[in-house]
Amino acid sequence: MKVNRVAVTGLGAMCGLGNNLDTVWKNAIAGKSGITTIPDIDPEKYPVQFAGRVKDFEISENLLNKKEWARFDTFIHYALHSADEAIKQSGLLEADYPKEMIGSIIGTGLGGFPSIENTVRIYDEKGPRRVGPFFIPSFIPNMATGKISMLYNFRGINYAASSACASAGHAISAAANEIMLGRQDAIITGGSEAVISGLTISGFNSMKALSRWNDRPQEASRPFDTDRNGFVIGDGAGILVLENYDKAKARGATIYAELVGHASTADAYHITAPHPEGEGTVPCMLQSLKYAGIAAEQIDYINAHGTSTPAGDIAETNAIKAAFKEHAYKLDVSSTKSMTGHLLGAAGGLESVFCVMALKEGVMPPTINLQNQDEACDLNYVPNTAKKKDIQYALNNSFGFGGTNSTLIFKKGS
Amino acid sequence: MELEQRVIKIVSEAANVETSNVQASTNFVDDLNLDSLDMVEMMMKMEEEFGIDIPEEKTEDLKTISDVTNFLKQNAN
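Keeping their order, the protein sequence lines are chains R and F. One gets the working numbering by counting positions in the first sequence from 1 and adding 8 to each. One gets the working numbering by counting positions in the second sequence from 1 and adding 464 to each.
For the record, the hints were derived by calculation from the structure and aren't laboratory data. Each hint should be verified, as a subset may be incorrect.
Unchecked claim - Under the rule of at most 16 Å between Cα atoms (straight-line distance), these lysine to aspartate or glutamate pairs were calculated in the EDC-like manner: (1) R/Lys134 to F/Asp517; (2) R/Lys134 to F/Glu513; (3) R/Lys75 to F/Glu511; (4) R/Lys329 to R/Glu287; (5) R/Lys329 to R/Glu305; (6) R/Lys74 to F/Glu477; (7) R/Lys134 to F/Glu512; (8) R/Lys134 to F/Glu511; (9) R/Lys75 to F/Glu482; (10) F/Lys537 to F/Glu466; (11) R/Lys74 to F/Glu511; (12) R/Lys75 to F/Asp499.
To be verified - Have a look at the derived ranges for each label pair, beta carbon to beta carbon: (13) R/Asn185 to F/Glu521: 44 to 52 Å; (14) R/Arg129 to F/Asp517: 16 to 24 Å; (15) R/Asn161 to F/Lys537: 29 to 37 Å; (16) R/Ala319 to F/Asp499: 45 to 53 Å; (17) R/Trp77 to F/Leu467: 25 to 33 Å; (18) F/Ser500 to R/Lys74: 17 to 25 Å; (19) F/Lys473 to R/Glu66: 17 to 25 Å; (20) F/Asn480 to R/Pro284: 50 to 58 Å; (21) F/Ser500 to R/Leu189: 34 to 42 Å; (22) R/Asn222 to F/Lys473: 41 to 49 Å.
Just so you know, even glycine gets a beta-carbon here, dropped at the ideal spot from N, CA and C.
Modelling step: build the complete structure from the supplied sequences, incorporating the hints.
Spelled out as structure tokens, the structure:
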């Protein structure tokens, strides 16, 4: 059976670093932090008062008219905005694929959670009759991808992937499979998340998962550093247009990268803690190499899951060493979450965009706030300053609560 | 604001059109293309604005601005 190659032909990104790909990338390679104090925050409601939140954003009325703004929760706004950027960049709307051969698979960890939180308040205060008819469509996880289909008349496969912080990674894997098997010609994929709310922050906080450095938010996300103390919640989206490589080439599309390998595994261990010996994550990386048909030594750069939690960063470091052996000390690893915070279900989307840009531009974004490297984290983490290097293969890890793992491997476009 | 103007304001917001495009005879579905979800939301806003209950079976008879204003006049407290 012939398996198609998968090209990346469009990118869209937004997060605390900016609201479009150029700004996000420029700030990422400059090593800037997108993490800020949340304005007008109620310290009673929010034990943690900072986040890597999207700023100064209003969606174009071409994508959602004003009447619809309040009808769709923020993760849908982000997905549409970044999908539009990626689609326009790809030139996909000028391609002559049948409409049912263009799909959309968008990852989201929690969907429209803030909409649920707000509506419960109305339900409690005013009663069931005040729960509006747009409540359900405002939060369901597949409404982001559903609205993409309606905006561009894409009639192919259309669903949401949800696997906590691995959601976008799994969405991209699923999209790649459809193209590899010839079931779709192009798919809009990646992830979107916008759940910075009192309830989510309280929930993550009581798990002791969040950094509480309220007085120095820009230093709070510090993966692989001795003083790391939890992750910083972020929001935003990272969207890719994946396309049948030969067809993309034939229509003259710019091919930014090729998705050459992907794998997904489970830890089968604990609801939230990573397996300390990486019994899920090591096979995930190894299988993705196998499916890519490349040797471990060919990987130049890993965009790590690297959330800045004490246990997670050590577990991932150990897993990289177990998977890559001596080569682990030669390749470069960075965690862009040091700058963006953790975008949860959108993380794998944004970080795949970073991998593709690192391949295309020949520069790897840094891990900022890496002042005193943890002795147990002894790899090359591109500390504080971006590193210029012509690289061929980049790998992205995403791991989620529930013990679920995703690895993607991108190859530089030719 | 007089009753009809208040109704027109809610309807024009529901349809995302200027108030000048909405008159007494304007039909919600035929003229403004409102779907069933839009209609439910709009009737909820009427209930809040005018402090009344509009029974679900009654909403099906309210097809134009004047249908609503007549209903409100008959049912005002």
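Evaluated hints:
{"no.": "1", "hint": "R/Lys134 to F/Asp517", "verdict": "holds (14 Å)"}
{"no.": "2", "hint": "R/Lys134 to F/Glu513", "verdict": "holds (15 Å)"}
{"no.": "3", "hint": "R/Lys75 to F/Glu511", "verdict": "violated (19 Å)"}
{"no.": "4", "hint": "R/Lys329 to R/Glu287", "verdict": "holds (13 Å)"}
{"no.": "5", "hint": "R/Lys329 to R/Glu305", "verdict": "holds (12 Å)"}
{"no.": "6", "hint": "R/Lys74 to F/Glu477", "verdict": "holds (10 Å)"}
{"no.": "7", "hint": "R/Lys134 to F/Glu512", "verdict": "holds (11 Å)"}
{"no.": "8", "hint": "R/Lys134 to F/Glu511", "verdict": "holds (13 Å)"}
{"no.": "9", "hint": "R/Lys75 to F/Glu482", "verdict": "holds (12 Å)"}
{"no.": "10", "hint": "F/Lys537 to F/Glu466", "verdict": "holds (12 Å)"}
{"no.": "11", "hint": "R/Lys74 to F/Glu511", "verdict": "violated (22 Å)"}
{"no.": "12", "hint": "R/Lys75 to F/Asp499", "verdict": "holds (13 Å)"}
{"no.": "13", "hint": "R/Asn185 to F/Glu521: 44 to 52 Å", "verdict": "holds (49 Å)"}
{"no.": "14", "hint": "R/Arg129 to F/Asp517: 16 to 24 Å", "verdict": "holds (22 Å)"}
{"no.": "15", "hint": "R/Asn161 to F/Lys537: 29 to 37 Å", "verdict": "violated (45 Å)"}
{"no.": "16", "hint": "R/Ala319 to F/Asp499: 45 to 53 Å", "verdict": "holds (50 Å)"}
{"no.": "17", "hint": "R/Trp77 to F/Leu467: 25 to 33 Å", "verdict": "holds (28 Å)"}
{"no.": "18", "hint": "F/Ser500 to R/Lys74: 17 to 25 Å", "verdict": "holds (21 Å)"}
{"no.": "19", "hint": "F/Lys473 to R/Glu66: 17 to 25 Å", "verdict": "holds (23 Å)"}
{"no.": "20", "hint": "F/Asn480 to R/Pro284: 50 to 58 Å", "verdict": "holds (55 Å)"}
{"no.": "21", "hint": "F/Ser500 to R/Leu189: 34 to 42 Å", "verdict": "holds (38 Å)"}
{"no.": "22", "hint": "R/Asn222 to F/Lys473: 41 to 49 Å", "verdict": "holds (43 Å)"}
Hints 3, 11, 15 from the list above are not met by this structure, while the remaining hints are.
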